[in-house]
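If you want the building blocks of each chain, they are given just below.
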Amino acid sequence: MDNAAPEDKIPDQLVRYLDGELTGSEKQDMEKKIAMDTALQQELENLQLAREAVRRFGLHRQVGEVRRLMLEEKQAPVKKMGQTRRFVRLSLAVAASILVVVLGIAGYNFYSLSASGVFADHYQVYEPGTVRDGGANETAIEKAYREKRYQEVTTIVPARPVTANELFLRGIAYLETGQPANGIASFQQVLARPEAGAILKEEAEYYLALAYIRDKDYDPALRLLHRIRNNPAHLYHSQVSGRFVKQVRLLKWK
Amino acid sequence: MEPGSNFPDAELVAHIRSGSRMEEMIRTIYRLYFDSLSWYVMNNSGNLQDAEDVFQEVVVSFVDLVQKDRFRGESSIKTFLYSLNRHTWLNELKRRGRALAREEKYERGQPQSQPDVNVVIAGRETTNQLVKLMDLLGETCKKILLLFYYENRSITEILETLHYENEQVVRNKKYKCLKQLEKMMDDNPVIRQTMKNLLHG
Numbered sequence: 001m002d003n004a005a006p007e008d009k010i011p012d013q014l015v016r017y018l019d020g021e022l023t024g025s026e027k028q029d030m031e032k033k034i035a036m037d038t039a040l041q042q043e044l045e046n047l048q049l050a051r052e053a054v055r056r057f058g059l060h061r062q063v064g065e066v067r068r069l070m071l072e073e074k075q076a077p078v079k080k081m082g083q084t085r086r087f088v089r090l091s092l093a094v095a096a097s098i099l100v101v102v103l104g105i106a107g108y109n110f111y112s113l114s115a116s117g118v119f120a121d122h123y124q125v126y127e128p129g130t131v132r133d134g135g136a137n138e139t140a141i142e143k144a145y146r147e148k149r150y151q152e153v154t155t156i157v158p159a160r161p162v163t164a165n166e167l168f169l170r171g172i173a174y175l176e177t178g179q180p181a182n183g184i185a186s187f188q189q190v191l192a193r194p195e196a197g198a199i200l201k202e203e204a205e206y207y208l209a210l211a212y213i214r215d216k217d218y219d220p221a222l223r224l225l226h227r228i229r230n231n232p233a234h235l236y237h238s239q240v241s242g243r244f245v246k247q248v249r250l251l252k253w254k
Numbered sequence: 255m256e257p258g259s260n261f262p263d264a265e266l267v268a269h270i271r272s273g274s275r276m277e278e279m280i281r282t283i284y285r286l287y288f289d290s291l292s293w294y295v296m297n298n299s300g301n302l303q304d305a306e307d308v309f310q311e312v313v314v315s316f317v318d319l320v321q322k323d324r325f326r327g328e329s330s331i332k333t334f335l336y337s338l339n340r341h342t343w344l345n346e347l348k349r350r351g352r353a354l355a356r357e358e359k360y361e362r363g364q365p366q367s368q369p370d371v372n373v374v375i376a377g378r379e380t381t382n383q384l385v386k387l388m389d390l391l392g393e394t395c396k397k398i399l400l401l402f403y404y405e406n407r408s409i410t411e412i413l414e415t416l417h418y419e420n421e422q423v424v425r426n427k428k429y430k431c432l433k434q435l436e437k438m439m440d441d442n443p444v445i446r447q448t449m450k451n452l453l454h455g
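Protein sequences appear in the order of chains Z and G. Heads up, the first sequence is in my numbering, so the first residue is 1 and it goes up one at a time. Heads up, the second sequence is in my numbering, so the first residue is 255 and it goes up one at a time.
No lab work stands behind these hints, which were simulated from the structure alone. Honestly, I wouldn't trust all of these hints.
Stated by the list, open to error - Listed next, the stretches of chain G that the computed footprint assigns to chain Z, with coverage defined by at least 3 CB atoms under 8 Å from CB atoms of chain Z:
| # | stretch |
| --- | --- |
| 1 | 266 to 274 |
| 2 | 377 to 385 |
| 3 | 400 to 410 |
| 4 | 429 to 437 |
| 5 | 444 to 450 |
Said to hold, decoys possible - The following residues of chain Z were derived to be distant from chain G, with all beta-carbon distances above 10 Å:
| # | residue |
| --- | --- |
| 6 | D19 |
| 7 | G24 |
| 8 | S25 |
| 9 | Q28 |
| 10 | I34 |
| 11 | R56 |
| 12 | V63 |
| 13 | E65 |
| 14 | L71 |
| 15 | H122 |
| 16 | E127 |
| 17 | P128 |
| 18 | E138 |
| 19 | T163 |
| 20 | D215 |
Note that the structure is a prediction, hence the values are computed from the model and not measured. Just so you know, even glycine gets a beta-carbon here, dropped at the ideal spot from N, CA and C.
Only chain Z is shown next, with the shape it has when bound in the complex (with noise of 0.2 Å):
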């Protein structure tokens, strides 16, 4: 396209002009030449709704992802995460009381911290929801996850590229089968795909949060930790506490 005569390039040149990339000069010679040209006012038009499609498309598609997301939380048992939380709260508000009064259990407290310890305290294998159809659409990843098989689940290599959902179970099990550098990777797969839900990407956060603390990379655990406290909508909101974050900024000064 770059070698085109320059009669050729004035279609690339009016997408250029719909995407808003041309300027100054370039761009008052497009509308002059879109005003005198009925031709090319209809093509612009014909542009413009192909876009709108798209838009269109893409919202219906966001929209309906939310619709699905929300059908299977209202479908899927309540997690065991939910009643811990509380008791995990509770627990963290009397040692924090305790630290504060008793200097010396405070000091042994910042000596004794470690990154398998931090990560012990916050994390919990994560438990998928209940299967809806016995298992009939249940892939290969999926059954050995909630099978156990933390070990296989690393290992499958489906025939065809790997969901989202496949990409988060495997990142769990390399955490499980203590391989928090593979675990990263894995969860910023997850991140990294647009058809990934925000349920999804807000739990690969999390424990993608949790893997860094686990491989001793503090600065980017911290990043995320903050960005989930910041976000009092965000699935983990409650799970990040003030003394997580200082645990975890305490780690990266050892």
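Once you have looked at the hints, place chain G on chain Z.
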């Protein structure tokens, strides 16, 4: 506090208009309004699937209107969605040849204080045709066009996501995909006219 339990209209509209926290906003709309709007459909010859399909179209239309700055805010979001929901369902019933006479009479008596909803609703059938059309484009074209025109990613970002050789290759591919879609729409006057209505109101 559960997200969305007390969400001011102005804040919801502002976020939708800017495109920020979009999934959260869509979820909020679902939490706040789905139950009451679906009740209308299910109590007027529809089932749960109908209610879900209609509500999805209503949310799409509402978000589109807000982003095009055509939701004037003269009524509350709740009132506006109710109106969109009713119209969408009535149109669907008409399409199926099952009009609700009392509803039609009610609608004719209503003042037109917001955009004419008939030009902002795509309708289930047209939406299905649009989905099929986009599927015919193929996964690669669909992905590139969505990344650029829906997610507003730059050519550089698309290059990093899809691993093409260089930016010019991405540009060329995008151009070809857009032209292909343009041609397909030319052959589908219903979709073309619907997009025209949605674009120009």
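Evaluation of the provided hints:
no.: 1; hint: 266 to 274; verdict: violated (count 0)
no.: 2; hint: 377 to 385; verdict: holds (count 3)
no.: 3; hint: 400 to 410; verdict: holds (count 6)
no.: 4; hint: 429 to 437; verdict: holds (count 5)
no.: 5; hint: 444 to 450; verdict: holds (count 4)
no.: 6; hint: D19; verdict: violated (8 Å)
no.: 7; hint: G24; verdict: holds (20 Å)
no.: 8; hint: S25; verdict: holds (21 Å)
no.: 9; hint: Q28; verdict: holds (22 Å)
no.: 10; hint: I34; verdict: holds (16 Å)
no.: 11; hint: R56; verdict: violated (6 Å)
no.: 12; hint: V63; verdict: violated (5 Å)
no.: 13; hint: E65; verdict: violated (8 Å)
no.: 14; hint: L71; verdict: violated (8 Å)
no.: 15; hint: H122; verdict: holds (22 Å)
no.: 16; hint: E127; verdict: holds (22 Å)
no.: 17; hint: P128; verdict: holds (21 Å)
no.: 18; hint: E138; verdict: holds (24 Å)
no.: 19; hint: T163; verdict: holds (14 Å)
no.: 20; hint: D215; verdict: holds (23 Å)
The structure shown violates the earlier hints numbered 1, 6, 11, 12, 13 and 14.
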